[in-house]
Amino acid sequence: MFTPDRKHVSSRFKSKALLLSLAVGGLLSVSAVMAADGPGLGKPIDESQLQGWDLIVQPDGTGLPEGSGTAAQGQAVYEQNCAACHGMKGEGSSGVPALAGGSLTTTPPLMTAGSYWPYASTLYDYVRRAMPPLAPKSLSNTEVYQVVAYVLHLHGIVERDFVLDRASLPQVKMPNSGNFIDRSQVQ
Amino acid sequence: MQNNNKSERVRSDEKIALLNDQVAGNGLISRRHLLGLSLAGAGGLVTSSVLAADAGLLTRPAWSMTPGRDPSEYGNPSSHAAQIKRLAPAPNAISPGTGASRTPLHLLQGTITPNSLHFERHHSGVPDIDPAQHRLVLHGMVRQPLEFSYEDLLAYPMVSRVHFLECSGNSGGNSSGASASDGSAGGIHGLLSCAEWTGVRLSTLLDEAGVAAGASWITATGADAASLGRSVPLDKALRDVIIALYQNGEPIRPEQGYPMRMFVPGWEGNVSVKWLTQIKVTDGPANFRDETSRYTELLPDGKSLQFTYPMGVKSVITSPSGQMTLTRHGLHEVTGLAWSGSGSIRRVEISADGGRTWADALIDADQRELALTRFRLPWLWEGAEAVLQSRATDSAGNVQPSRAAWVAQYSPANRYHFNGIQSWAVSAQGEVKNVYA
Chain S
1 MFTPDRKHVS SRFKSKALLL SLAVGGLLSV SAVMAADGPG LGKPIDESQL
51 QGWDLIVQPD GTGLPEGSGT AAQGQAVYEQ NCAACHGMKG EGSSGVPALA
101 GGSLTTTPPL MTAGSYWPYA STLYDYVRRA MPPLAPKSLS NTEVYQVVAY
151 VLHLHGIVER DFVLDRASLP QVKMPNSGNF IDRSQVQ
Chain A
1 MQNNNKSERV RSDEKIALLN DQVAGNGLIS RRHLLGLSLA GAGGLVTSSV
51 LAADAGLLTR PAWSMTPGRD PSEYGNPSSH AAQIKRLAPA PNAISPGTGA
101 SRTPLHLLQG TITPNSLHFE RHHSGVPDID PAQHRLVLHG MVRQPLEFSY
151 EDLLAYPMVS RVHFLECSGN SGGNSSGASA SDGSAGGIHG LLSCAEWTGV
201 RLSTLLDEAG VAAGASWITA TGADAASLGR SVPLDKALRD VIIALYQNGE
251 PIRPEQGYPM RMFVPGWEGN VSVKWLTQIK VTDGPANFRD ETSRYTELLP
301 DGKSLQFTYP MGVKSVITSP SGQMTLTRHG LHEVTGLAWS GSGSIRRVEI
351 SADGGRTWAD ALIDADQREL ALTRFRLPWL WEGAEAVLQS RATDSAGNVQ
401 PSRAAWVAQY SPANRYHFNG IQSWAVSAQG EVKNVYA
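If you read the protein sequences in the order shown, they are chains S and A. For what it's worth, the working numbering labels the leading residue of the first sequence as 1, then goes sequentially. For what it's worth, the working numbering labels the leading residue of the second sequence as 1, then goes sequentially.
Just to be clear, a hint being listed does not mean it is correct.
[As the list claims (entries may be wrong)] Okay, the calculated bits of chain A under chain S, using three or more residues with CB under 8 Å as the criterion:
(1) 105 to 119
(2) 134 to 145
(3) 242 to 255
(4) 272 to 286
[Unchecked claim] With a straight-line cut-off of 30 Å between C-alpha atoms, the simulated DSS-like cross-links for lysine-lysine are:
(5) S:LYS173 / S:LYS43
(6) A:LYS85 / A:LYS303
(7) S:LYS173 / A:LYS433
(8) S:LYS173 / S:LYS89
(9) S:LYS89 / A:LYS303
No lab work stands behind these hints, which were simulated from the structure alone. Please read these numbers as outputs of a predicted model, since none were measured by experiment. Where is the CB? At the ideal position from N, CA and C, for every residue including glycine.
Working from the sequences, and respecting the hints, build out all of it.
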């Protein structure tokens with residue numbers, strides 16, 4: 001899919017061609033031309049170099065690593081790394097959001113990862129990059145699968161022995177999926 | 001000459017002249033007064049009372065009799081202005097570095113926020129980044145993934161743009177609180193600042209990497225401990241997003257993303273990812289936590305708005321404003337800020353009677369897009385109770401809604417994108433308070 005170097009070479013070449021045309025065509029178009037093109041200093045890298053560095057996980061599973069985990073395995077991970085702040089059942093504590101339980105139809109509504117989030121992928125993405133707050137990115141990919149399975153289980157979304165992995169995670173149906181109205185084209 | 005406590009008492013014939021120029025109820029006076037045009041009969045009124053009170057011999061102050069201090073390397077405000085600070089909370093004991101500090105809007109003038117007073121919102125503190133080791137990686141659906149150093153980017157053509165930045169949760173306390181909280185303009189609305197941002201167009205870098213067919217979004221992450229991520233549609237990314245390297249002429253502050261932040265003009269502040277280290281071109285949004293769990297707006301029917309990007313048209317009177325006290329009767333200037341994420345400000349109206357009558361405030365004729373606009377209007381206050389409000393209209397024709405109209409659109413749980421009209425009640429004693437009206 002990628003054709004390394006070609007674009008890079010051609011953009012450098014373009015800059016030279018521009019300089020030439022400037023010399024010939026006078027200064028009128030200088031500002032427009034310079035703004036649209038840079039000196040081409042980007043250093044080519046290969047996607048493979050970003051393994052373990054790129055943590056983005058999309059709803060369709062793009063970006064999920066190898067490995068797997070169940071809620072049964074995740075309970076220990078959760079109780080050791082998360083429960084002190086988020087509570088044994090994911091009920092949250094002062095200044096820390098609840099992760100499970102809650103409903104959007106109560107007054108006031110309680111929006112948790114279980115009751116509100118549209119995709120399970122967001123749990124994997126967020127826990128891996130940001131939790132626990134004092135040691136983010138310290139859990140292994142497998143531990144993240146396990147603890148995410150446990151959080152989903154706390155809300156009753158998956159069974160205790162459900163195997164969460166690259167293939168199954170995008171299939172997990174979140175209770176509130178389908179209730180988000182995409183406003184991205186209102187700009 | 002600078003005696004702020006001086007009473008500018010208005011003589012009765014002059015008062016009649018001012019009231020002849022009243023443009024809305026409860027003492028709002030024509031903008032002509034600000035434009036320096038003649039105000040029938042009232043021209044000399046303020047000056048004459050000032051001169052009278054100043055009678056007596058002037059003495060020379062000590063600082064005129066001895067040399068001052070030497071030039072310095074990096075300047076500080078006057079020690080007499082040391083009370084002008086960000087409104088910062090106590091440190092977060094549970095999640096260190098998570099929280100916000102606010103711009104003291106009510107203590108500032110003009111439209112540009114000094115760098116030391118620009119609001120902050122962090123999700124895991126301010127990292128101390130060595131620019132020599134920092135990298136910006138551009139990858140995903142591109143012909144050639146690229147890596148840029150800070151030094152590389154400094155060599156690129158740059159643009160400078162004056163833009164506001166507003167947190168989507170700004171003013172949220174006024175949206176959902178059962179009763180209006182006691183707050184200042186900065187305390188309630190200070191997740192808002194405006195600066196000149198200078199940097200490299202993202203389109204220049206995307207061009208260099210070569211966006212692949214089928215790409216429609218970019219997903220960006222920061223190098224902070226939270227590695228905060230946000231998604232932006234590709235058309236916006238190509239239109240006016242910049243990789244900001246400078247803020248008001250100096251390298252952007254650590255709190256704003258040093259050495260670089262993605263600056264997304266007019267859109268909710270969280271999208272302008274700080275400490276930017278990754279831009280991945282994709283065919284869809286990542287649905288990061290901060291665009292699903294947070295920064296989405298719950299509606300009364302249980303559905304939610306997602307990817308609400310532009311900040312709504314909005315204004316707030318910064319003086320007189322909450323927690324201030326008017327200490328004299330007479331002419332005052334009502335002044336404040338207006339802005340919109342959908343263009344420039346076309347009009348600001350002010351009411352002194354809780355929205356019954358309105359008058360046009362003076363705004364500069366040539367307004368910048370997606371930047372703060374300062375507005376002003378003279379106001380004759382003689383001790384009557386008043387409710388001051390401002391209402392902005394933008395170049396797209398959007399009009400700032402009343403608080404009640406805004407609240408009716410959402411679930412009570414929603415605090416994002418609040419742009420309802422602010423009401424400041426003025427008591428007979430001159431105390432100014434945040435109220436719902």
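Status of the hints after comparison with the structure:
1. 105 to 119: With 0 residues in contact (Cβ-Cβ under 8 Å with chain S), the coverage given for the stretch 105 to 119 of chain A is violated.
2. 134 to 145: holds (count 7)
3. 242 to 255: violated (count 0)
4. 272 to 286: holds (count 6)
5. S:LYS173 / S:LYS43: violated, 41 Å
6. A:LYS85 / A:LYS303: violated, 40 Å
7. S:LYS173 / A:LYS433: violated, 48 Å
8. S:LYS173 / S:LYS89: Status holds; Cα separation ~21 Å.
9. S:LYS89 / A:LYS303: Holds. S:LYS89 to A:LYS303 sits at ~26 Å (cutoff 30 Å).
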